[in-house]
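> One letter stands for each residue in the lines below.
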Amino acid sequence: DAGVTQSPTHLIKTRGQQVTLRCSPKSGHDTVSWYQQALGQGPQFIFQYYEEEERQRGNFPDRFSGHQFPNYSSELNVNALLLGDSALYLCASSLGRGVSGGARYNEQFFGPGTRLTVL
Amino acid sequence: AQTVTQSQPEMSVQEAETVTLSCTYDTSENNYYLFWYKQPPSRQMILVIRQEAYKQQNATENRFSVNFQKAAKSFSLKISDSQLGDTAMYFCAFMNPYSMEYGNKLVFGAGTILRVKS
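Chains A and B, in that order, give the protein sequences.
FYI, our numbering numbers position 91 of the first sequence as 91, with every residue one higher than the one before it.
FYI, our numbering numbers position 28 of the second sequence as 147, with every residue one higher than the one before it.
Just so you know, these hints were derived from the structure itself, not from any lab.
No experiment lies behind these values; they were computed from the predicted model shown.
Incorrect hints may appear among the rest.
Incomplete in silico selection of chain B near chain A, CB under 8 Å [as the list claims (entries may be wrong)]:
(1) Y152
(2) Q163
(3) L166
(4) E171
(5) F183
(6) F187
(7) L203
(8) N223
(9) L225
(10) A229
(11) K236
Where is the CB? At the ideal position from N, CA and C, for every residue including glycine.
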């Protein structure tokens, strides 16, 4: 049973460029969340996708956008890259059962992350 | 807004000893979930333990256990018989799936670096 996978592992871009990060959820999961983790800090929630729609969004500008495909995989797009966008981007998948599931069915499984460096 | 605070930036422990990592959180909600995640140098975030706020019994997973004090909004992690492989960054995280505003996103603390020494 494959866990959450992300690609690429590392990425180097220059300011102003655009980047696309990809995530495949754990088998059986239908919800994908994206987090940004700056060096030495805790992850910050970017947004969450369920049934191909953005269900929730954190405090990130519109330069950050996403998409979820019918097979539940997801992409994170960042436009007009800034130096401050340099971070580890984590994808997490879950069952997204909400209150009916309890903690076990709401826990999020993380991928290995994509390290983005903006020069 | 929900916030999570981890007041210990770094901790060290000798192999085979016990260590406790602290976490406090702020919420006005009565029902929510709490998690501890481990992130080793490999970067992979791994779930260590989970706790539902409506359960009074503290969660345990092998060498890992929590001390959940709901009134004090405290959720500490105890690691017994520490092993070298426990060396990692540990994050406390909060989730409120009952809220339309917060849904089931995770709110993380800043983390505690734990070093296990031989």
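> Taking the hints in turn, state whether each one holds.
Right, here's what the structure says about each hint:
1. Y152: The hint holds - Y152 (chain B) has a Cβ within 8 Å of chain A, the shortest such distance being about 4 Å.
2. Q163: With a closest approach of 5 Å, the Q163 (chain B) hint holds.
3. L166: Nearest chain A Cβ about 6 Å off; hint holds.
4. E171: 5 Å, holds
5. F183: 15 Å, violated
6. F187: This hint is violated: F187 (chain B) lies away from chain A, its Cβ roughly 12 Å from the closest one there, beyond 8 Å.
7. L203: 21 Å, violated
8. N223: 5 Å, holds
9. L225: OK, holds: L225 (chain B) within 8 Å of chain A, min 6 Å.
10. A229: Where the cut-off is 8 Å and the nearest Cβ of chain A is about 5 Å from A229 (chain B), the hint holds.
11. K236: 21 Å, violated
Comparing the model with each numbered hint stated earlier shows that hints 5, 6, 7, 11 do not hold.
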